[in-house]
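Enquirer: In order, the protein sequence lines correspond to chains U and Z. Heads up: the first sequence runs through residues 1 to 375, numbered per our numbering. Heads up: the second sequence runs through residues 376 to 465, numbered per our numbering.
Be aware that one or more of the hints could be misleading.
Claimed, not checked - Calculated pairs, DSS-like style, for lysine-lysine (alpha carbon to alpha carbon, straight line, at most 25 Å):
{"no.": "1", "chain 1": "Z", "residue 1": "Lys418", "chain 2": "U", "residue 2": "Lys312"}
{"no.": "2", "chain 1": "U", "residue 1": "Lys37", "chain 2": "U", "residue 2": "Lys107"}
{"no.": "3", "chain 1": "U", "residue 1": "Lys208", "chain 2": "Z", "residue 2": "Lys425"}
Claimed, not checked - A short list of chain U residues far from chain Z (calculated; beta carbon distances all over 10 Å):
{"no.": "4", "residue": "Met1"}
{"no.": "5", "residue": "Tyr39"}
{"no.": "6", "residue": "Pro41"}
{"no.": "7", "residue": "Ile56"}
{"no.": "8", "residue": "Gln116"}
{"no.": "9", "residue": "Ile117"}
{"no.": "10", "residue": "Ile119"}
{"no.": "11", "residue": "Thr132"}
{"no.": "12", "residue": "Leu194"}
{"no.": "13", "residue": "Pro200"}
{"no.": "14", "residue": "Leu302"}
Because the hints were derived from the structure by calculation, they are not lab data. Just so it is clear, CB atoms sit at the ideal spot from N, CA and C, and this is done for glycine as well.
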Amino acid sequence: MDIFLHFLGTTAFTTMTMGNFMMIIIGIIFVTLAIRKDYEPLLLVPIGFGVIVGNIPPVPGMGLSVYDEGSVLSYIYFGVSQGVFPPLIFLGIGAMTDFSTMLSNPKLVLLGAAAQIGIFLTLLGALFLGFTPAEAGAIGIIGGADGPTAIFLSSKLAPHLLGSIAIAAYSYMALVPVIQPPVMKLLTTREERLIRMAPPRFVSQREKIIFPIAAFLIASLIAPGAIVLIGMLFFGNLLKESCVTERLANTARNAMIDIVTILLGFSVGASTQAQAFLTPQSLLIFGLGALSFVVATAGGVLFAKGMNLFLKDKINPLVGAAGVSAVPDSARVVQAMGQKEDPHNFLLMHAMAPNVAGVLGSAIGAGILWSVLVN
Amino acid sequence: MNKLNLSYDNIIAGNGISISITGMLIVFAALVLISLFIAMLPKLLPPLEKLFPEEHHHGSAPKKEKDHGPVLAAIGYALYCKKTGTLPKK
């Protein structure tokens with residue numbers, strides 16, 4: 001009987017807090033949104049289930065949670081806390097990204113730069129609210145709309161905020177189809193949304209092979225802090241475009257990225273124990289995150305409108321919204337918005353150019369913030 | 376962050392404005408340079424093609440077989456003429 005009573009004392013029912021219960025509900029909502037609404041299921045299912053797992057109160061003395069030294073989950077979480085997983089995800093992204101549309105229309109690269117204003121205005125907002133500069137930098141990168149970059153930078157600048165930042169970044173990435181359209185509609189006229197863009201030119205294989213090497217050199221010489229992310233991105237792309245390492249490219253873009261996504265999503269979710277996650281800081285981070293996505297979208301759209309003042313071949317300003325690096329969701333949103341106005345207007349290929357440029361821009365932005373704020 | 380402390384002084388104390396402006400300028404500089412490189416790439420390719428012709432590359436498409444169409448047509452015509460006795464005499 002004593003053993004039974006002792007066992008009852010270790011069950012999670014006795015140690016469960018209201019916070020844990022709320023987080024489990026949030027985890028279930030994530031899983032439900034992923035399954036029923038198809039919002040980023042590859043991310044929200046592992047994260048959502050991880051949230052549920054992470055909020056079962058651990059038994060004292062047993063190494064169970066991601067924060068317990070030597071626990072299985074802590075070893076998986078090591079890839080997140082030390083910034084190992086994000087570069088591996090970038091390798092896979094590089095191996096699946098086709099830079100042709102960007103190579104065929106280089107001026108669209110600037111839209112990927114313009115949308116990064118979300119990062120730097122959010123940094124100002126976070127500083128205004130009283131976060132330290134390092135914390136503000138880690139929060140600001142949510143505006144880059146790039147989950148792996150956000151995790152990488154927060155693991156370097158503000159590890160204690162990693163869970164909140166990662167969840168905010170991935171939640172808003174999943175909500176891109178909800179957040180972006182009202183901003184895009186508000187900032188453009190119907191005539192602008194109807195603009196048709198010239199089809200992209202043919203890009204030779206040789207251009208595609210030279211590009212990752214040259215672009216890596218340019219980006220990393222300017223912002224060496226971005227070497228890890230940009231290097232892996234372009235290495236993956238070179239594997240794809242060289243045509244002689246097809247097996248490696250295949251592994252990077254399929255099996256490897258899937259394994260890393262599972263481990264990253266699950267362990268990030270499991271790191272959101274209510275005691276560490278349900279804080280006023282997390283609420284502020286979520287607020288700033290939403291603001292950063294809105295600012296980034298507006299930055300891209302307004303910059304496209306500005307460019308149109310000087311261009312003969314006009315850009316559809318909706319394409320500017322794809323400057324946030326949520327690949328390929330924001331490009332899909334642009335396509336959907338464009339087709340709502342004109343079912344025969346195909347903007348997806350054009351939108352992929354600022355979209356992949358946005359990935360470069362946010363990684364470079366992360367490299368800059370890391371170099372400036374690391375001390 | 377220990378407690379909520381809304382103040383513009385935090386931005387000034389954290390060098391927020393200079394970090395933001397410098398950061399944005401560097402991101403733009405990097406992507407403008409990449410954009411310029413991409414724009415120049417088609418002009419760089421022809422001289423490169425002379426140095427390293429595409430067929431020497433590992434991953435390039437297999438070398439196209441020479442087109443023997445005209446020669447085959449001439450042989451075919453000659454055989455036809457011989458068979459029908461219309462081969463021109465010397």
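Enquirer: Does each hint hold? Answer for all of them.
Expert: Quick rundown of the hints versus the structure:
no.: 1; hint: Z:Lys418 x U:Lys312; result: 22 Å, holds
no.: 2; hint: U:Lys37 x U:Lys107; result: 35 Å, violated
no.: 3; hint: U:Lys208 x Z:Lys425; result: 18 Å, holds
no.: 4; hint: Met1; result: 48 Å, holds
no.: 5; hint: Tyr39; result: 28 Å, holds
no.: 6; hint: Pro41; result: 31 Å, holds
no.: 7; hint: Ile56; result: 28 Å, holds
no.: 8; hint: Gln116; result: 5 Å, violated
no.: 9; hint: Ile117; result: 6 Å, violated
no.: 10; hint: Ile119; result: 7 Å, violated
no.: 11; hint: Thr132; result: 6 Å, violated
no.: 12; hint: Leu194; result: 26 Å, holds
no.: 13; hint: Pro200; result: 12 Å, holds
no.: 14; hint: Leu302; result: 14 Å, holds
Checked against the numbered hints given earlier, the structure breaks hints 2, 8, 9, 10 and 11 and satisfies all the rest.
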